[in-house]
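Each chain is listed here by its residues.
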Amino acid sequence: MTTEDIYAKLVPIVKTYLPEDVNESAITPTSDLTRELNINSAHLVDVVLDVEDAFDVEFDNADMESLRTLNDAVAIIQKKIA
Amino acid sequence: MRVVITGLGVCAPNGTSVSEFTESLKNGRSGIAHFPELESLNFSCQLGGIPEISEEKKREYFTELQLRNFDSNGILYGVIAGMDALKDANINVGGEEALYELGIIMGAGTTSVAKFRESIYKIDEGKVRRLGSTSVPQTMASGVSAYLGGMTGAANMVTTNSSACATGTEAVLLGYERIKAGKASQMLCGSTSDGGPYIWGGFDAMKVTSYKHNQEPEKTAGPLSEAASGFIPGSGAGAVVLESLESALARGAKIYGEVLGGAVNSGGQRNGGSMTAPNSEAVQKCIIAALKDSNINKNEIDYINGHLTATVKDPVEIENWCLALDRKGKDFPYINSLKGMTGHCLAASGSIEIVSALLQLDNNFVFPNVNCDVIHNEVVALVSENCIPRKMVNTPLNIIAKASFGFGDVNACVIFKKY
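Chains A and B, in that order, are what the protein sequence lines are.
Be aware that the first sequence starts at 1, since it is given in my numbering, and climbs by one per residue.
Be aware that the second sequence starts at 83, since it is given in my numbering, and climbs by one per residue.
Check before you lean on any hint, since a few could be wrong.
Pair ranges (Cβ atoms, derived) [what the hints assert, rightly or not]:
no.: 1; chain 1: B; residue 1: MET239; chain 2: A; residue 2: ALA75; range: 44 to 52 Å
no.: 2; chain 1: B; residue 1: ASN124; chain 2: A; residue 2: ALA26; range: 50 to 58 Å
no.: 3; chain 1: A; residue 1: MET64; chain 2: B; residue 2: GLY283; range: 47 to 55 Å
no.: 4; chain 1: A; residue 1: GLU58; chain 2: B; residue 2: GLU146; range: 48 to 56 Å
Calculated lysine-lysine pairs in the DSS-like style (CA-CA distance at most 25 Å, straight line) [what the hints assert, rightly or not]:
no.: 5; chain 1: A; residue 1: LYS15; chain 2: B; residue 2: LYS395
no.: 6; chain 1: B; residue 1: LYS265; chain 2: B; residue 2: LYS410
no.: 7; chain 1: B; residue 1: LYS108; chain 2: B; residue 2: LYS374
no.: 8; chain 1: A; residue 1: LYS15; chain 2: B; residue 2: LYS139
no.: 9; chain 1: B; residue 1: LYS169; chain 2: B; residue 2: LYS301
no.: 10; chain 1: B; residue 1: LYS336; chain 2: A; residue 2: LYS80
no.: 11; chain 1: B; residue 1: LYS499; chain 2: B; residue 2: LYS395
no.: 12; chain 1: A; residue 1: LYS80; chain 2: A; residue 2: LYS9
no.: 13; chain 1: B; residue 1: LYS499; chain 2: B; residue 2: LYS473
no.: 14; chain 1: A; residue 1: LYS15; chain 2: A; residue 2: LYS79
no.: 15; chain 1: B; residue 1: LYS209; chain 2: A; residue 2: LYS79
no.: 16; chain 1: B; residue 1: LYS367; chain 2: B; residue 2: LYS108
no.: 17; chain 1: B; residue 1: LYS412; chain 2: A; residue 2: LYS80
no.: 18; chain 1: B; residue 1: LYS367; chain 2: B; residue 2: LYS499
no.: 19; chain 1: B; residue 1: LYS395; chain 2: B; residue 2: LYS262
Stretch-level coverage of chain B by chain A, calculated; a stretch enters the list once three of its residues show a Cβ under 8 Å from a Cβ in chain A [said to hold, decoys possible]:
no.: 20; segment: 214 to 220
no.: 21; segment: 343 to 354
Don't read these hints as lab results, they were simulated from the structure.
Remember, predicted model here, so these are calculated numbers, not experimental data.
Even for Gly, the Cβ is constructed at its ideal location relative to N, Cα and C.
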């Protein structure tokens with residue numbers, strides 16, 4: 001799975017958790033999920049659960065700690081499915 | 083400080099809006115139905131009262147994100163009743179500002195069991211991390227108040243009380259006291275209860291529910307009837323907006339009635355009182371204390387909205403009212419019980435019934451006490467049959483009483499007056 005494929009699959013997952021006043025167009029590979037996209041930090045665990053289901057992987061506690069942006073997620077997923 | 087009611091909201095088995103609920107009250111329309119699920123689970127009582135909420139209606143109150151992994155009917159009903167009450171009161175909520183003069187006391191009993199059940203299964207499978215972020219807000223006792231708090235911006239006291247079947251009436255009195263003490267201008271008060279097998283099972287096992295008309299819900303013996311032998315479990319939510327008279331007048335709000343006062347107490351599970359039965363002396367003391375707090379005479383009560391659940395204990399409640407008010411026979415006020423139309427909505431009963439009482443006060447009618455063709459002989463020995471309308475009665479109402487009694491031997495009584 002290419003970086004682009006993974007990213008394309010991540011965007012709709014992240015979109016679900018955007019606050020009402022943040023548009024989908026704000027999502028970029030480097031935007032910070034909580035600080036820039038204003039996703040409620042409590043929802044980060046839900047984003048991860050959805051990602052796990054979509055890619056059939058499991059994030060450990062260290063993965064969760066290093067997750068800030070979609071690029072981070074892509075890197076973690078690539079490592080797991082390699 | 084005078085306190086008035088300026089908004090009503092309800093989510094009941096026989097009406098999920100105030101207008102639909104009012105029509106049901108006037109026509110004696112019941113929301114009690116047979117549930118095949120209860121039959122397949124070997125319940126003695128296979129009837130119940132559950133509000134019908136479409137997926138479309140859910141989305142009028144919740145965002146898609148809020149509905150993701152949402153499985154708590156108690157919160158759903160409470161949010162519908164609470165938001166409707168605020169809308170009815172014409173109070174602007176949900177903006178950018180924290181509303182420091184608006185508080186919330188939405189009570190609950192056993193709540194969000196569906197979400198709790200799902201969480202427990204995941205934990206037992208070793209998948210605790212799969213709970214995500216949605217388990218805690220839905221399963222915490224104050225979940226309903228927390229959801230309403232976020233939707234409105236209410237920033238005064240935001241809490242949940244719990245006193246079994248007295249919860250709703252107690253919530254209204256707690257809000258009344260807070261406004262009277264000058265600590266808030268507006269309080270959204272009420273209560274909610276889930277329904278279904280996991281809430282109702284314990285009552286079924288205690289044999290306090292009715293098993294006699296499982297295939298004919300319309301024939302179930304209603305409150306005060308000779309044949310009453312057990313209640314039908316219900317669910318839903320009711321909510322009212324309490325407001326200082328000053329604030330209500332300044333806004334030009336519609337006033338449904340004034341809260342004159344009330345009382346809460348417990349029988350101490352002594353003198354005949356227990357976990358499940360009331361101490362009659364305490365019930366009478368609670369009613370008398372409510373009259374005293376309201377500064378009214380016993381003969382001024384025009385109407386009583388009873389607790390009356392349709393068990394063999396109904397005549398005891400009537401006797402307690404007779405003794406507390408020192409009134410009997412033809413001198414007794416009108417009395418009825420909503421539970422014949424909704425079932426016993428447990429923690430939600432008090433608030434749903436308060437909404438029904440205020441609608442009667444505002445519109446000058448007494449709704450029919452349904453499924454009560456033959457009144458219990460012990461009741462007839464105490465009060466005139468004319469006090470228990472079996473058809474709707476149009477009559478001016480000025481001062482009314484509502485009482486609720488709950489497991490743990492707890493009592494609550496509130497007095498309303500037309501403003």
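Verification of the hints:
1. MET239(B) / ALA75(A): 44 to 52 Å: Given about 47 Å between the Cβ atoms, the range holds.
2. ASN124(B) / ALA26(A): 50 to 58 Å: holds (54 Å)
3. MET64(A) / GLY283(B): 47 to 55 Å: Roughly 38 Å apart at Cβ, these two residues miss the hinted range, so it is violated.
4. GLU58(A) / GLU146(B): 48 to 56 Å: violated (26 Å)
5. LYS15(A) / LYS395(B): violated (56 Å)
6. LYS265(B) / LYS410(B): Given pair LYS265(B), LYS410(B) is violated - Cα atoms ~40 Å apart, limit 25 Å.
7. LYS108(B) / LYS374(B): violated (32 Å)
8. LYS15(A) / LYS139(B): It holds: about 23 Å lies between the C-alpha atoms, which stays within 25 Å.
9. LYS169(B) / LYS301(B): violated (37 Å)
10. LYS336(B) / LYS80(A): violated (62 Å)
11. LYS499(B) / LYS395(B): Distance of about 28 Å is beyond 25 Å: violated.
12. LYS80(A) / LYS9(A): This hinted pair holds, its Cα atoms lying about 16 Å apart.
13. LYS499(B) / LYS473(B): It holds: about 24 Å lies between the C-alpha atoms, which stays within 25 Å.
14. LYS15(A) / LYS79(A): holds (24 Å)
15. LYS209(B) / LYS79(A): holds (23 Å)
16. LYS367(B) / LYS108(B): At roughly 32 Å apart (the allowed maximum being 25 Å), LYS108(B) and LYS367(B) break the hint.
17. LYS412(B) / LYS80(A): violated (81 Å)
18. LYS367(B) / LYS499(B): Between LYS367(B) and LYS499(B) the Cα gap is close to 21 Å, so the pair holds against 25 Å.
19. LYS395(B) / LYS262(B): violated (35 Å)
20. 214 to 220: Result for this restraint: holds, n = 3.
21. 343 to 354: violated (count 0)
Hint check: violations occur at hints 3, 4, 5, 6, 7, 9, 10, 11, 16, 17, 19, 21; the rest are consistent with the structure.
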